[in-house]
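Letter by letter, the chains look like this.
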Amino acid sequence: MKKKLLDLVSRFYFIIIMFFLYAPILVMIVLSFNNSRSRVVWGGFTLQWYKTLFSNRQIREAFFFTIGLALLSAVIALLIGTAAAFGIHAMRRRGYAIMMGVTNIPLLNADIVTGIALMLWFIRFLPLGSGSVLIAHVTFNIPYVILALLPKIEQMNMAIYEASRDLGATAVRGFFTMILPQLTGGLLSGFFMAVTMSMDDFMITYFTRGAGVNTLSTMIYGEIRKGIKPEMYALSTVIFAAVFLILICVNFWPSNRKAEKRREGII
Amino acid sequence: MKKRILAAAAMLLCLPLGACEGKNQPARELTVFNLCEYMDPKAIEMFTLETGITIKYEEALTAEDMYTKYKAGGIDYDLLCTCDYMVRRLIAEGEVQPVDFSSFEYGKNIGQRYWDYATAYDPGNKYSLPYFWGTVGILYDTTKVHGPIDSWDVLFNGEYSGEIIMQNSMMDTYIVALKYLGYSLNTTDEAEIRAAQDLLVAQKPDVSAYLVDEARDEVVAGNATMAVVYSGEAYLGREYNPNLDYVIPKEGTELWIDSWLVTKNCKDPDAAKQFLDFLCREDVAQMNFEYIYYSTPNEAVLNGLSDEERADEALAPDPDSCQNSEICLQSDAATTELLNELWKELRGN
Amino acid sequence: MDRNRKQRQLLALPYVLWSIAFTVIPLLVIIRYAVTDKDGHFSVSNLLAFSTPVNAKAFLISLEIALICTVICVLLAYPLVMVVRRLRISRMTFMLFFLIMPMWMNFILRMLALQMILSNNGILNMIVTGLGFQPLALANTKAAVIIGVVYDYLPFMMLPIFNTISDIGEDVLEAASDLGASPLSVFFRVILPMSLPGLKSGITIVFVPSMTSFVIADILGGGKIQLIGNIIEQEFTRSTNWNLGSGLSAALMLFMLVGMSFTIKDDILPSHPVKDEEGEKKEAPGGEGISRRAVL
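Protein chains in written order, with the numbering used here: chain E, 1 to 267; chain U, 1 to 349; chain P, 1 to 296.
There's no promise every hint is true.
Claimed, not checked - For lysine-lysine, the following DSS-like pairs were computed, each having C-alpha atoms within a straight-line distance of at most 27 angstroms: (1) U:K56 with E:K229; (2) E:K226 with U:K144; (3) U:K144 with U:K250.
Calculated from the structure, these hints are not laboratory results. Everything numeric in this text was worked out from a predicted model, so none of it was measured.
Generate the whole structure from the sequences, applying the supplied hints.
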């Protein structure tokens with residue numbers, strides 16, 4: 001009885017939060033079908049923005065650049081950040097405090113400060129282009145990876161790793177079989193946070209990019225004054241639908257279900 | 001899809017190298033730095049098709065952002081499009097080179113009236129080519145106002161308390177107060193500026209919001225009765241909501257002009273001039289006008305407008321309605337600093 | 001063992017080099033601006049400008065909003081994490097994805113959509129008046145800013161917390177309740193202590209950036225709320241006073257780092273000695289001990 005009530009309350013709470021998180025997304029989806037260039041006027045239903053979206057070269061280029069940049073910067077940040085999290089974890093008090101302080105700096109600085117500082121530094125040795133944007137994105141992504149991983153490492157069970165080493169496993173093998181599986185959640189969160197941050201950034205990208213380099217974010221910021229082009233809403237809807245479909249497929253894939261049953265059987 | 005992403009990633013790594021290789025080739029190239037959404041992308045493609053000169057194109061949100069990035073010197077820009085007081089500043093700092101506009105094939109398309117306006121920040125019209133211009137005024141909902149709107153007074157008399165949107169940018173707020181008080185918007189008199197400050201502080205409770213980009217939409221959506229906006233925004237607003245109207249208040253206002261400049265380090269001044277001339281050409285100017293819908297100084301385009309459009313104060317303000325108006329020059333550093341401090345105080349109030 | 005630890009510390013080397021090259025040196029650029037005046041002479045006036053009434057007020061409002069939002073995020077995130085935890089394992093990842101997915105839509109688009117929901121004639125008020133209530137005056141208020149910040153950062157609070165407690169087996173919790181622990185005491189004595197490292201990460205990720213972000217305040221707060229981020233941005237762009245902007249930035253950084261070093265002492269380091277079996281044993285505080293005992 002009590003359990004049922006708890007179930008009900010928690011389901012209700014979950015739905016409320018979901019609604020809160022998805023309401024603006026719903027608005028965006030509706031706007032992508034709006035037959036008016038203004039976001040505040042409803043001009044009837046249309047699919048024309050989807051048509052113009054796919055014929056717009058600038059948006060297409062910016063889209064692929066944005067995705068490429070987000071994934072690449074997140075992967076690099078993941079590699080450097082994961083190693084760093086282990087290293088920082090092994091440090092003593094002072095090293096730990098210093099490294100965490102440094103890690104906090106990109107979070108702490110206003111974007112414009114980070115952007116201008118990086119620009120002033122880059123122009124001494126690096127042409128501003130897409131490479132400089134990549135370095136900048138990796139720089140502000142690493143802290144998110146570290147912050148996502150450290151708590152996980154702190155509560156990790158190192159004993160089984162040591163045991164595997166005692167039983168003759170190499171450090172690398174021990175790491176991949178004993179440690180990595182324990183970190184999956186942290187790695188995933190770090191990666192997703194990094195991707196999100198990279199896709200949303202405007203200021204730092206603006207100051208560190210070269211001429212001709214555009215991300216979706218810089219395009220959207222530029223469009224605010226004239227009114228966001230409805231194609232952007234259409235693109236967002238397409239991205240959303242794609243991720244959504246992938247998610248559903250992965251979740252309801254037959255082999256997955258079996259694996260899950262097996263796992264539950266063991267537990 | 002995956003391949004595309006990989007290609008983009010590869011592009012990302014190779015671009016800086018590619019850029020270096022490109023320098024050895026004779027291909028002509030211009031690096032153009034423009035304000036956001038200030039040129040039809042088709043115009044750029046057209047220029048490259050016609051001349052074989054490729055354009056590397058970058059946009060900035062504001063004239064100040066552009067200045068910061070230009071001054072840092074990381075990128076060799078050839079052409080800049082920026083606003084009046086920034087043109088003045090760049091000329092004063094020796095960052096731009098003179099251009100002989102009389103040699104342009106289509107230069108005569110730009111009306112004399114606009115060359116005259118431009119002398120305020122570019123005496124002798126030696127450096128800058130007027131591109132688009134406009135005013136700052138009040139966009140209001142005709143169904144919600146109780147009387148004629150023709151003065152800045154409606155923003156300050158409390159009649160529309162809670163229904164007003166002001167600009168969230170320093171100069172665009174102070175010019176309103178200064179003009180309402182009958183002062184020059186380029187005043188350096190501290191007493192006049194402080195009087196404007198008192199007025200704005202007293203007005204703050206009546207202001208619904210200080211917005212930049214969203215001001216127009218708030219009036220279109222009916223969340224506010226009136227907003228201080230740029231004339232181009234007003235034109236767009238009326239496209240979406242026919243009940244809106246735009247007025248240049250009788251006390252006068254700011255008259256702004258955005259112009260093109262050739263930088264002092266421009267690698268290929270001939271190509272740069274070719275590009276500017278191209279922008280003055282009737283069909284290109286028409287294309288950009290239809291893309292931007294700000295007031296154009298191009299008389300070839302103006303002559304093609306309908307009578308209705310030409311009578312539109314938001315689109316083509318006639319010389320009479322601009323009589324009391326001035327171009328903002330942001331003259332001296334001390335005044336700018338004072339305004340800056342006061343603006344912070346006003347916002348933090 | 002100690003050699004092992006030294007080796008492990010070396011793993012941070014790439015990051016140390018990277019952060020020196022792209023975080024510390026650019027920071028020095030900023031600090032150089034911060035401690036000089038416009039003519040290039042040494043001066044601390046830019047740092048001290050932090051305490052002028054206008055700047056101090058903006059700082060306090062930023063602090064207040066960041067604090068309120070962090071607390072709300074924590075309060076919303078814990079029940080959410082507990083709800084997701086109750087699901088089957090595969091459903092769990094699925095639901096987590098669902099909670100993060102909105103973040104992948106562009107930030108500005110989300111904020112403009114949120115503004116359309118909260119505005120006077122907005123979607124929320126259409127629903128509220130439709131139900132026969134008085135319309136809410138949320139637009140252009142501090143409350144709207146707080147809603148916006150919470151909206152943007154909630155998933156960032158949730159993820160690290162979830163990670164730290166996703167591994168607690170149901171059996172452990174069942175054992176605890178079989179032994180007579182009430183659900184509340186299971187939460188406070190097992191789950192909360194286990195999640196502390198995640199909570200700390202979450203607080204850092206939410207609190208620290210929300211101090212300097214101002215775009216949300218400008219869009220949802222109608223520009224009526226001036227945060228320290230607004231002022232720094234203004235000094236850098238509109239007034240191009242980089243010295244003052246850098247000075248304020250450096251002072252803010254100093255303040256936050258000093259503030260955070262206290263929290264590091266309090267709750268991060270004590271968990272270390274538990275794992276430094278060979279190292280000098282520092283005292284582990286009660287909370288940590290309990291959680292470990294509870295898990296074991």
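Cross-check of the supplied hints:
1. U:K56 with E:K229: Measuring from Cα to Cα gives roughly 22 angstroms; hence the hint holds.
2. E:K226 with U:K144: With a Cα-Cα distance of about 24 angstroms, the restraint between E:K226 and U:K144 holds, given a limit of 27 angstroms.
3. U:K144 with U:K250: At roughly 21 angstroms apart (the allowed maximum being 27 angstroms), U:K250 and U:K144 satisfy the hint.
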